[in-house]
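> Chain by chain, the residues:
Protein chains: 2
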Amino acid sequence: MSTEQIPHVAEVGWAKHLEVHPLSPLAASEIVRAADFIRNLYPSSIKLQFKAVTLEEPEKARLVPYLDAEHGGRRLPSIDRKAFVSYYIRNTDKFHEAVINLSHGRVESNVRLGPNVHGPGDAEEILLVERIALEDADVKAEIAKLHLPDGTAIVSDPWIYGSDGVNDDRRMYQNFLYMRDPNDPSNLNSNHYAFPLPISPVVDAVDLKVSRIDFLPTGLDHSTRPAQPVEIPPANEYTPEHQNLRTDLKPLNVIQPEGASFKVIKAGETGEIVRWQKWEFRIGYNLREGMVIYDVRYDGRSLFYRLSLSDMNIPYADPRHPFHKKAAFDLGDAGAGVMANNLKLGCDCLGSIHYLNAVLSNDQGEPLPMENVVCIHEQDAGIGWKHTNYRTGHAAVVRNRELVVQSIITVANYEYIMAFMFNQAGELTYEVRATGIISTQPIDDGLEVPWGTVVHPGVLAVHHQHIFSLRIDPAIDGHSNRLVYEEAHPMPRSDFNPHGVGYTVQETLVSQSGGLDTKEDSNRVFKIQNTSVRNPINGKPVAYKLHLPPFQKMLADPDSFHFKRAEFADHNLYAVKYRDGELYAGGKYTNQSRGGDGVRAWAHRNENITDTDLVLYAQFGLQHSTRIEDFPVMPCEIIKVSLKPANFFEKNPALDVPPSNQEFNRSTLISEQHRQPSVEARVNSKSEVCCTSKL
Amino acid sequence: MSTEQIPHVAEVGWAKHLEVHPLSPLAASEIVRAADFIRNLYPSSIKLQFKAVTLEEPEKARLVPYLDAEHGGRRLPSIDRKAFVSYYIRNTDKFHEAVINLSHGRVESNVRLGPNVHGPGDAEEILLVERIALEDADVKAEIAKLHLPDGTAIVSDPWIYGSDGVNDDRRMYQNFLYMRDPNDPSNLNSNHYAFPLPISPVVDAVDLKVSRIDFLPTGLDHSTRPAQPVEIPPANEYTPEHQNLRTDLKPLNVIQPEGASFKVIKAGETGEIVRWQKWEFRIGYNLREGMVIYDVRYDGRSLFYRLSLSDMNIPYADPRHPFHKKAAFDLGDAGAGVMANNLKLGCDCLGSIHYLNAVLSNDQGEPLPMENVVCIHEQDAGIGWKHTNYRTGHAAVVRNRELVVQSIITVANYEYIMAFMFNQAGELTYEVRATGIISTQPIDDGLEVPWGTVVHPGVLAVHHQHIFSLRIDPAIDGHSNRLVYEEAHPMPRSDFNPHGVGYTVQETLVSQSGGLDTKEDSNRVFKIQNTSVRNPINGKPVAYKLHLPPFQKMLADPDSFHFKRAEFADHNLYAVKYRDGELYAGGKYTNQSRGGDGVRAWAHRNENITDTDLVLYAQFGLQHSTRIEDFPVMPCEIIKVSLKPANFFEKNPALDVPPSNQEFNRSTLISEQHRQPSVEARVNSKSEVCCTSKL
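Protein sequence lines, in the order shown, are assigned to chains R and P.
Under full-length UniProt numbering, the first residue of the first sequence carries the number 1, and numbering increases by one thereafter.
Under full-length UniProt numbering, the first residue of the second sequence carries the number 1, and numbering increases by one thereafter.
These are calculated hints, taken from the structure and not from any lab test.
The beta-carbon is built from N, C-alpha and C at its ideal position, and this holds for glycine as well.
This list has only true hints and no planted wrong ones.
To spell it out: a stretch of chain P is covered by chain R in this simulated footprint if at least three of its residues, at any positions, have a beta carbon under 8 Å from a beta carbon of chain R; those stretches are:
#, segment
1, 248–257
2, 373–387
3, 433–439
4, 448–459
5, 618–627
6, 657–669
30 Å max Cα-Cα, derived BS3-like pairs, lysine-lysine:
#, chain 1, residue 1, chain 2, residue 2
7, R, Lys651, P, Lys640
8, R, Lys588, R, Lys564
9, R, Lys250, P, Lys250
10, P, Lys250, R, Lys640
11, P, Lys640, R, Lys519
12, R, Lys640, P, Lys519
13, R, Lys278, P, Lys640
14, R, Lys250, P, Lys651
15, P, Lys278, R, Lys250
16, P, Lys651, R, Lys640
17, R, Lys263, P, Lys250
18, R, Lys651, P, Lys250
19, P, Lys540, P, Lys651
20, R, Lys145, R, Lys209
21, P, Lys140, P, Lys209
Some but not every residue of chain P turned toward chain R, in silico, with C-beta under 7 Å:
#, residue
22, Asp164
23, Leu188
24, Thr239
25, His324
26, Asn341
27, Gly346
28, Cys347
29, Gly351
30, His354
31, Thr392
32, Pro490
33, Asn523
34, Ser560
All chains, please: the whole structure from these sequences, using the hints.
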């Protein structure tokens with residue numbers, strides 16, 4: 001670190017206080033500076049491969065007073081601006097992580113990691129590995145044996161190698177090969193997943209060579225065949241150009257004639273504050289998690305310190321080599337932020353849309369601009385509440401408006417549509433839609449296997465699990481919270497319960513860190529409580545409850561690498577005591593990980609989590625037993641996790657939502673005279689009384 | 001039956017063939033005729049109280065050939081038109097049911113029911129009972145002891161009496177009393193549920209007198225107090241006029257400039273056929289079930305013979321007299337059809353709406369016109385499927401359009417919003433939204449009880465369960481279907497599964513009628529299969545799978561009346577062999593029922609249900625542990641049951657949905673320059689390429 005940097009540092013120090021919020025993602029200039037600090041540690045002859053240059057979030061002990069001062073309108077304390085950098089010495093296995101103090105212009109730490117700690121894939125590396133696999137002479141020789149038509153395009157999907165403990169200390173990629181439709185060679189968007197090939201080259205990520213060529217089992221057992229001529233099955237395209245499209249779908253437009261109800265306030269160069277219907281929160285964005293929601297408040301009251309998708313794991317059912325290693329950690333192995341789609345108006349959202357851009361980093365440590373990676377819009381979610389007084393016929397009804405903060409990622413064959421949704425009743429929902437193309441492999445004709453479904457001639461879609469972990473760092477009216485679960489139990493028969501119909505709802509305190517499960521038979525519901533703040537009407541501690549959908553836990557056995565690595569996959573919920581730097585349920589580095597570094601390990605510290613700063617990891621997912629309807633592209637499967645107030649407010653917080661009526665909603669009456677519902681709007685003249693009905 | 005009716009009958013016979021479909025609900029003229037047939041059985045001095053005059057649906061053995069001929073364009077067989085009538089000899093307990101053959105103008109059957117078989121309440125009777133309770137001198141004397149301010153309006157909510165086996169052979173009503181806000185006497189829509197009174201008169205439904213006055217326990221035990229002066233708590237109103245409404249919610253309109261995509265075809269005087277996006281089905285409507293969906297087909301292939309909400313039960317947690325009898329069967333005790341709201345444009349739906357009317361019957365056996373009881377509209381349900389080719393940046397995305405067939409019922413304090421939803425991926429969802437005002441009772445100040453929550457000073461909202469039963473009469477590619485369930489199980493470790501990661505998905509046949517449950521740990525999913533029709537690609541039997549949400553089963557013990565009466569409430573699913581006339585999971589007459597007449601009893605016949613005409617009753621619901629946010633009116637709780645194809649099609653059936661793009665969706669870009677998102681539409685000029693993005 002050279003002295004002439006000091007004025008520069010001071011300048012940045014000032015700049016920070018003027019505009020940079022401690023939670024604002026790194027700006028392009030900060031990414032450049034951080035990478036320079038690392039480069040300057042080495043002679044110029046040493047080339048680096050950057051995996052991440054991202055914000056090192058402030059310690060909570062410093063940030064909480066800052067946020068309190070911010071909301072209290074007091075003078076803001078100074079918080080150093082820091083960058084986290086992970087990188088390889090290029091073409092080696094020397095993986096490092098470092099922290100740069102940008103405010104004081106120094107490298108605070110820089111350590112080499114490992115052994116068996118591997119960085120994630122990056123876009124440049126993945127494209128390079130594809131090329132290496134396809135240009136390898138031995139691979140070409142094997143492909144030649146398939147006797148494919150001249151000009152057939154081969155496609156390689158590099159897969160993270162996974163871990164099985166067998167010669168996998170080096171970082172590798174397992175490449176699955178496909179071809180584009182040989183009968184339509186010019187179609188660059190041909191669905192190659194309809195043409196899986198039985199050859200699978202393994203590429204070493206250090207010396208960047210094909211280290212092994214696997215042949216895939218295509219029968220009922222582990223046996224494989226040498227490459228031999230393959231039959232060409234029919235194509236199975238998903239693109240609209242290849243369909244006879246429906247002609248009877250009429251447009252449906254969402255119009256907000258007076259604009260949207262939300263405000264997006266740019267917080268300096270990066271990061272935004274969103275205000276909508278008494279909600280206020282901050283949006284961050286990083287390479288690994290994508291969207292991060294910070295400092296969530298409703299009507300000025302604190303609810304959550306930080307919300308993000310922490311991890312996901314997708315283990316597959318086929319036990320045969322090399323498929324037994326398929327267990328993707330899409331966030332830790334690649335990154336939700338860097339895989340985000342550039343969202344387009346009219347395609348990914350409907351209505352009045354606001355888009356957010358982000359800036360990440362590439363393998364050179366250069367800023368990587370990401371346009372339209374988050375979209376924000378309102379949507380109508382049906383009736384919010386209604387009651388009709390049957391004696392007077394007076395009906396009161398409001399609709400439920402939602403604010404959607406959405407991002408979409410593409411992970412090779414697959415897509416995830418992720419959204420944080422806020423509503424007017426103080427409810428917050430995290431939604432995942434699973435879509436895209438299911439992972440395929442070749443299977444011999446006429447075979448059926450219990451670990452997958454044939455979705456196209458010669459094509460097997462193996463069953464798999466999607467297991468997600470949503471990280472919830474609560475701050476319900478403050479940072480001292482506790483976790484309880486509520487259960488409903490029958491009353492025993494007694495003089496008090498002579499007819500055997502009574503039941504009670506009881507709370508149980510979760511005093512220690514650990515893994516917990518829902519229980520349908522007792523309707524177990526988890527609640528985050530603040531016992532120091534009581535509901536003024538009924539005296540109960542203010543709380544938010546967590547609605548977790550059912551899901552089948554990790555099917556791989558507890559001694560398997562799948563199970564050890566996916567440290568969150570065995571319980572609906574993990575509860576731990578907060579520690580700075582612990583963000584990822586599956587561990588900080590999931591690529592070929594061996595486990596022991598994630599939330600299961602943290603929970604085993606058996607720390608007291610009563611009335612303290614606790615953090616929850618909420619798991620949800622789906623056991624995807626494949627069906628032919630999931631091919632060539634699957635209809636969305638939707639999963640939701642919800643957080644709802646429980647004695648946090650004094651009454652229904654959506655009580656003050658303006659009533660739903662025709663002046664406001666401008667609906668159209670479809671004329672009953674027409675067999676085909678007509679276009680002409682017949683605005684109800686009786687809109688004044690439109691919410692009156694008689695039983 | 002008199003001879004001069006014969007020509008009239010023949011005429012009706014012809015009329016039927018010309019326009020009346022066997023599934024069309026009774027027309028007004030048919031209701032009049034059917035009631036006349038019954039009246040003519042008695043001297044004019046005998047007054048009748050009609051409970052139902054509704055369509056007696058044809059035997060399936062006759063209707064199936066009719067529907068086949070109808071869809072095959074062949075000559076239609078003749079099916080007699082019949083009416084079902086249930087009635088009391090007025091002011092007696094003499095309850096009858098009869099079947100009238102309208103085609104041949106004769107009474108086919110007319111039998112007196114009972115003992116302990118009671119008809120449901122009807123609107124006229126309920127209003128009468130309210131008056132009787134409030135005008136009773138003894139009740140007035142007790143109310144006087146409360147020392148309420150002059151002019152305080154008392155409100156009586158008559159409750160179905162329930163059964164506990166204690167002196168309840170006669171049909172009775174338990175009236176719960178409330179007052180409107182004494183400080184605002186002119187407010188007819190005051191939320192009286194904020195002012196529960198401790199006096200509860202019981203009205204005998206036969207002699208129409210107050211037979212008993214109960215005093216409600218307001219403490220921690222069974223003890224009650226004589227009426228004494230009460231304190232007046234503050235009001236807690238839900239109506240918009242009493243709120244400081246939010247001012248920052250901007251309008252959101254749904255516009256279909258070219259009209260809606262669905263067709264509604266009137267099928268004669270009553271009943272409709274709906275066609276939308278390859279779906280075709282028939283809508284019926286009756287007093288008990290409300291909406292009924294018949295003969296559901298997709299792309300010409302048969303899926304379901306009949307779908308309806310079969311029953312619901314809401315047992316409460318308070319074991320104390322008289323609350324221990326609160327266990328409402330809203331369909332069987334009153335009727336979803338007759339309690340339906342008159343839906344208003346802009347209030348209950350958003351967009352381009354088509355309304356359906358219905359005609360039911362009143363207690364005089366006269367036609368009761370029901371306007372706008374069903375609304376039909378399309379809605380956007382977000383992205384339907386998407387894939388981005390990361391190599392070319394080409395993205396294909398379609399939105400998921402849904403057709404919603406919705407009805408809303410008000411049951412005194414409570415509302416249910418019910419909807420059948422169809423989508424473009426061949427999926428059918430039944431949704432219930434629970435809203436309205438939770439049932440309240442008085443509680444002494446400062447008390448907490450484990451069977452409810454204080455939601456307002458002096459007001460207890462008791463915990464309760466909502467348990468619904470959806471009747472599914474499948475016809476998956478025909479009427480010979482079987483029920484299987486699919487489960488995912490780990491493979492044992494072996495040479496075949498050396499790493500312990502493999503798992504299999506297996507099917508188990510349900511060969512006999514019975515009650516079944518889901519199983520989260522094995523991801524048990526039920527499927528309706530037709531083994532005689534195989535998927536042409538993978539040879540699997542065509543099937544639809546049933547997605548059931550978790551819910552806590554009936555908490556009352558198996559010896560309790562609650563449990564015996566709610567014959568569906570103890571399993572996620574009941575599967576039985578079809579029999580004509582078996583439609584209601586809780587039995588045909590639920591009012592003060594004793595059990596033994598519903599789906600549990602039918603299941604105990606242990607009939608073979610393999611490859612035959614089976615019927616499913618799918619249960620779902622919620623354990624409603626009350627929270628203060630549910631008062632004075634609760635935000636919707638949403639529950640869904642879905643039916644999805646499983647190897648029924650050859651690929652994703654939504655593949656041919658036109659792509660989502662800006663020309664079609666006309667979304668609006670909110671200018672980033674504006675802090676407050678701007679209104680001006682900036683239609684994307686690059687809409688041609690709007691679905692192209694680069695990873």
